[in-house]
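We have chain B already, so just place chain H on it with the hints.
Chains as they are written, first to last, in numbering that gives the first Met the number 0: chain B, 0 to 389; chain H, 0 to 266.
Careful, some of the hints might be misleading.
[As the list claims (entries may be wrong)] Below, simulated PhoX-like cross-link-like pairs (lysine-lysine); rule was C-alpha separation at most 25 Å, straight line:
hint, chain 1, residue 1, chain 2, residue 2
1, B, Lys138, H, Lys237
2, H, Lys252, H, Lys22
3, H, Lys93, B, Lys142
[Unchecked claim] Among chain H residues calculated to face chain B with C-beta under 10 Å, some are:
hint, residue
4, Leu44
5, Gly71
6, Ile94
7, Thr102
8, Asn111
These are computed hints drawn from the structure, not numbers from a lab. Glycine is no exception: its CB is placed at the ideal position from the N, C-alpha and C atoms.
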Amino acid sequence: MSTFLQSRWGVLTGFAVGAVLLLVLAPTGLSVFNLALLGKFICFAIVAVGIGLAWGRGGMLTLGQGVFFGLGAYIMAMHLKLADAFLFGGSGVPDFMSLYGSGEVPGWWEPFRSPVVTLIAVVLVPGLVALVLGLAVFKRRVKGAYFAILSQALAAAFAVFLIGQQATTGGSNGLSGFRSFFGFDLKDPSNKLMLYSIAAVVLLLAVGTSRQLMNSRFGELLIAVRDQEERVRFLGYDPATIKTVAYVIAAVMAGIAGALFVPIVGIISPADVGVIPSIAFLIGVAIGGRATLLGPVLGALSVAIAQASLSSTFPSFWVYFQGLLFVLVIGFMPGGLASLPGLVSRLRRHRAEQHPTEQRKTEPAPPRPILAPESAPPATATEVPEEASR
Amino acid sequence: MTTPTLLPDGDPQAGGLRHGRPKYLEVRDLTVAFDGFVAVDKVNLSVTQGDLRFLIGPNGAGKTTIIDAITGLVPATGSVNHTGTEILGRKVHKIARLGVGRTFQTASVFENLSVLQNLDIAAGTRRKAKELLRRRKGMDPAVQEALEIIGLDKAADKQAGTLAHGQKQWLEIGMLLVQNSDVLLLDEPIAGMSQDERDETGQLLRRIAASRITLVIEHDMDFVREFATSVTVLAAGKVLSEGSVAQVQADKKVQDVYLGTAGMEGH
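The following block holds chain B by itself, in its conformation from the complex (with noise of 0.2 Å):
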């Protein structure tokens, strides 16, 4: 089964299938109301495609994810209240500035009103301050836990930035009140189904482009990097610019999640880019398994739809809950729900071992396992060291 699941057809029939569930079965299946709301899971499966690639192949914690949606996310809001305010205001001021501000729109909006720079700028701009920021952070050969924290603080800034500046990213309240999309009306369902169709594809995309990653000779290095970073190097590669390039990517990917989350949900404020949403775009990924290419995707969503409807039943017990699920899971299975598999056929096959049958004792001796045991290492040993020169 898994040579099928791995092969080209198998693959194929994988997106079929996919495509087939989220294009066709899911809009003709759910009410207007629940499509938005599989839209918006979609739009975190989507980071969680880009966490996969830089945690789970990387192994490097994201835990900062939040800033590259947001960056997405205000881009696009910013056009479509601008957007908005040309078509329905006439002024062209969003509402709130001329509530909150001077009731003029700021230089650095102004870009955003044209629709292809808004286009552009949802990739460009998640994508360079990545790569700045990893360029800065790997190159310094920051990694481990101190990256997860340097990218978390990173979040709470940017949040705590945005809430600052009332006059020109609406504060704590964020950006809502949406009317328009790049000229269709947002009431309307037909428009709705459209922009969830989008959403949708956007995912096949980024699990196509993640797999055709994976399995590429980056995808190969970026393992090696991730297990040995340090006897990369002595190949002749800059582990910092492998690493840098998974990150770009997955911030691309949580840009244009953030992008699409507007329009979808209705609103974007701090409260969707800080640090909780930041750890809880990780949560499904670890869940799902990491290191896998649908893990992520179908442990985003399946966290993402159990919070949907467990939080409504039981409101504060479900923060526990999820807080509880990911220390089960990175300490019990740190590879997430799809080593399950693994997992149990190794128990089985231990079992096996320890209850020999009849028929395997007749069986000739079996060869010597791979694994010989090897002599213990010399106590002075010296192994690739962790941290080169700091």
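Same frame as chain B, but now just chain H:
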């Protein structure tokens, strides 16, 4: 493209190649100090292409530190010249790209990748971005040849983590071959190996050393006697003696250092 030839003709010999313009590694006044403790003290060492040099000495003599300094892992003063290019002070990955490769005492292969993937990564430093983003198709001829040289052609698709200890060391040597290193720095390649594996490793070194600059750290004197073409003895961070195995063994200073230890006369 012609078939790659990772294997040279002939055997290594003391002093290296005698014709043409052989490559060389010349270490001058190499000094490494950790917080005032001088681990390597003004070491001079010169290895020519085609020589299979062994670096021996008691524990703490600074053998591994020399390799660490040459490969850029620890800061050092002095000079390390690789065939006209000063490599001291450069970054680790830049030094590797200049053709200086090393192995580690505890084999450090990428355990989650297959043998083939390990070699393919080692062979790919000069690949373009476009090539990197594509799936690996077929086998690089150099990788194929390396697999045969290190005797792992049957294990190409095995996960490297499941290899036996000796095989991991051979895989590391194979990685150096496809990496196109002309300087091989091997840190106790036979530590923990069985007698058969030791012999095979020795033969492997003999086969590959004639066209390369090879420096091997080793403790096992039987192994040194059998396979070295020349030996440098290190003690307390300084070069004590240099020459053939017989010359070094006859050296009074070396005998003094090893007196009371099991070193020189085998275990």
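Status of each hint after checking the structure:
The straight-line distance between the Cα atoms of Lys138 (chain B) and Lys237 (chain H) is roughly 35 Å, outside the 25 Å bound, and the hint therefore fails. The hinted pair formed by Lys252 (chain H) and Lys22 (chain H) fails the criterion: a straight-line CA distance of about 31 Å is larger than 25 Å. Simply put, Lys93 (chain H) and Lys142 (chain B) have alpha-carbon atoms about 21 Å apart, close enough for the 25 Å limit, and the pair holds. Using the Cβ-Cβ criterion of 10 Å, the hint placing Leu44 (chain H) at the interface with chain B is not satisfied: the shortest such distance is roughly 19 Å.
With 10 Å as the threshold, the beta carbon of Gly71 (chain H) comes within range of chain B, its nearest partner Cβ sitting at about 9 Å, so the hint holds. With a least beta-carbon distance of about 9 Å to chain B, the hint placing Ile94 (chain H) at the interface is held under the 10 Å criterion. For Thr102 (chain H), the interface hint holds, the least distance from its beta-carbon to any beta-carbon of chain B being 9 Å, beneath 10 Å. A cut of 10 Å between beta carbons decides the hint on Asn111 (chain H): the least distance to chain B is about 6 Å, and the hint holds.
In this structure, the hints that do not hold are numbers 1, 2 and 4, in rising order.
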